[in-house]
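Trainee: Residues per chain, in single letters:
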Amino acid sequence: MSKIGVLIEMSENAVKDANFGIITAARAQGSNEVFAFTINGEAVDCKDAVEKYGVEKVVDLSADGADLKASPDAFAQAIADAINHFEIESLLGISSTVGRDLMARTAIIQDASLVLDCIEVDLSAATVIKSHFSGKTFAKIKLNGQFKIYGIRPNVIEAQSDACQAEIVAFQSSVTDSGKLKVVELKKSESDIVDLTEANIIVTGGRPLESEDNFGILKACSDLLGGAVGASRAAVDAGYAPHHIQVGQTGKTVSPKLYIGCGISGSVQHFAGMKTSKIIVAINTDKDAPILGKCDYGLIGDLFEVVPALTAELKESQA
Amino acid sequence: MQVYVCVKHVPDTAANIVVVGENEFNESVKSVVNPYDEYAIEEAVQTVKQTGGEVVIITIGKEEAIATVRSALALGADRAIFVKTEAQFLDSSLTSKILKKAIEQDGSPDLIFMGKQSVDSEGMQTHYRLAAAFDMPVATEIIEFKLGEGKAVVVREIDGGIKEVSEITTPCVIGTTKGLNEPRYPKLPDILKAKKKEVKNIDIAEFGEDLNSGKNELVSLELIPDRGAAKIIEGSAQEMAKQLVTILKQDERIL
Chain W
1 MSKIGVLIEM
11 SENAVKDANF
21 GIITAARAQG
31 SNEVFAFTIN
41 GEAVDCKDAV
51 EKYGVEKVVD
61 LSADGADLKA
71 SPDAFAQAIA
81 DAINHFEIES
91 LLGISSTVGR
101 DLMARTAIIQ
111 DASLVLDCIE
121 VDLSAATVIK
131 SHFSGKTFAK
141 IKLNGQFKIY
151 GIRPNVIEAQ
161 SDACQAEIVA
171 FQSSVTDSGK
181 LKVVELKKSE
191 SDIVDLTEAN
201 IIVTGGRPLE
211 SEDNFGILKA
221 CSDLLGGAVG
231 ASRAAVDAGY
241 APHHIQVGQT
251 GKTVSPKLYI
261 GCGISGSVQH
271 FAGMKTSKII
281 VAINTDKDAP
291 ILGKCDYGLI
301 GDLFEVVPAL
311 TAELKESQA
Chain B
1001 MQVYVCVKHV
1011 PDTAANIVVV
1021 GENEFNESVK
1031 SVVNPYDEYA
1041 IEEAVQTVKQ
1051 TGGEVVIITI
1061 GKEEAIATVR
1071 SALALGADRA
1081 IFVKTEAQFL
1091 DSSLTSKILK
1101 KAIEQDGSPD
1111 LIFMGKQSVD
1121 SEGMQTHYRL
1131 AAAFDMPVAT
1141 EIIEFKLGEG
1151 KAVVVREIDG
1161 GIKEVSEITT
1171 PCVIGTTKGL
1181 NEPRYPKLPD
1191 ILKAKKKEVK
1201 NIDIAEFGED
1211 LNSGKNELVS
1221 LELIPDRGAA
1231 KIIEGSAQEM
1241 AKQLVTILKQ
1251 DERIL
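Protein chains in written order, with the numbering used here: chain W, 1 to 319; chain B, 1001 to 1255.
Because the hints were derived from the structure by calculation, they are not lab data. Only a predicted model underlies this, so the values are computations on that prediction, with no experimental measurement involved. Just so you know, not all the hints are guaranteed correct.
Covered by chain W, according to a simulated footprint, are these stretches of chain B (three or more residues, beta-carbon under 8 angstroms) [unchecked claim]:
#, stretch
1, 1007-1017
2, 1078-1084
3, 1119-1126
4, 1138-1152
5, 1156-1163
6, 1217-1227
7, 1242-1251
Ideal Cβ positions, reconstructed from N, Cα and C, are used throughout, including at glycine.
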């Protein structure tokens, strides 16, 4: 039985959904003992959620000599100290902006092999599948380092229930802040805070939306679906949507169960950000739009008519 | 300021990739400066314009990568170091070791800029390894950079649209991304000037690294076929909406 660590990401004191699939990957059908890493007393909020998926130990990380949230290098050192203390063999985490950074810093300290944005992992063989060339190819990578770190694309691994009793174990690291890098401020966005990578259903708008207000049409639909609204690079560049909901190579990489692209032409760069979605639906007036050659369902029509019709249909079917 | 920019020669993201053998690809496709490195070059050039000094490009690549070296020079850099290799892929641990040696034999870096990732191997970690090699701090996905006395204020966007502002001491390594600046379009005079700028060629063997000692190994490459043509749904907006909801509920069991 190997001991595998999972970095837990929280949002508003709750465990992000994306963690559960990562835990499932770490658990590897019961072959591994999973240690969930949390900081700042989050262990208590986290335990009930993660033990449902097979986490047996929740590590409550702390450090007297550093503010772990404000010092990424100190946080990584604390993780490394815990890894060595508990004899953890590999570390997994969500390949999010924060996760990638933390895993990379930890990889440096551990002199580890690191692969980010994995789509599949095989912990026993130490191999992964990830994109190369913006989603055009799958690359199989073998991790040769003594310690291995796997950053996994959110939602590509299905979470599996594996209920057990988790124990909270405290660990204090003696790390002190070097002062070379510190977070000084967090600025919230003026628009709604949306974490696209947490959404199971995403409705995306392209340039044809023509205005910020029109994105409300998509929101009405995505709200009924219990999903989120995304945007293409063209829509963001035109000022119709904020950058943090941009899907694609220079935006977010998402893998929802359902992706509905409204007025999205389907460029390579956009597809790089959503290619692993389970079901892709396109709503487009152009029968020859590239997206229609590489998605599951295409509705040929004006999104300004089709999306409201879809919203109405969903309302009726839910009534 | 002595500013280095690490620039990679990569296939254009629109290029058609053909896999050759187990783990190689056909290189005779349109190749360009790694898009994320463009922001790095621009930030370096703007910084040196303020502070004085020079911008030196470092590229590791095959013979053909000289095109990217010249493009980088045309974007305002002063000179370049071109490390030649025959390998198609070098993992990040090897790349960072070579970059470190290439920079070290040239000068003492005050700042190192590079794109947050390459668009071909997408490793997203070379800058961390390079920073560690120099014992410098590193920050990446940077969309704002303000140089101060012995430090810089940097901003990155974390999940949910929150902007995280940090202070980083210099010298440091910065990973750049879209939003940091607007890379310039080189005009003909810049391109002509670039042809005359100094490019120092070094064979990778001179650095004495075992190119088989990487931390990651590319075992295989496989083309991902696109999904194939969509099932087309036509009719009035209401008819299509009804059909889609039925499909999503009954066939796909998503709703």
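Trainee: Run every hint past the structure and note whether it holds.
Mentor: Hints and how they fare:
1. Only residues whose C-beta sits within less than 8 angstroms of a C-beta in chain W count toward coverage, and the stretch 1007-1017 of chain B has 4 of them, enough to reach three; the restraint holds.
2. Check on the stretch 1078-1084 of chain B: 0 of its residues sit with their Cβ under 8 angstroms from a Cβ of chain W, so the three-residue criterion for coverage is violated.
3. Requiring three or more residues with a Cβ within less than 8 angstroms of a Cβ of chain W, the coverage given for the stretch 1119-1126 of chain B holds, as 7 such residues are present.
4. Closer than 8 angstroms: that is the beta-carbon criterion, and the stretch 1138-1152 of chain B has 4 residues meeting it against chain W, so the requirement of 3 holds.
5. Taking a C-beta to C-beta cut-off of 8 angstroms, the stretch 1156-1163 of chain B contributes 8 residues in contact with chain W, enough for the three needed, and the coverage statement holds.
6. Requiring three or more residues with a Cβ within less than 8 angstroms of a Cβ of chain W, the coverage given for the stretch 1217-1227 of chain B holds, as 10 such residues are present.
7. With 6 residues having a Cβ less than 8 angstroms from any Cβ of chain W, the stretch 1242-1251 of chain B passes the three-residue criterion, so the hint holds.
This entry does not satisfy hint 2, going by the numbered hints stated previously; all others are met.
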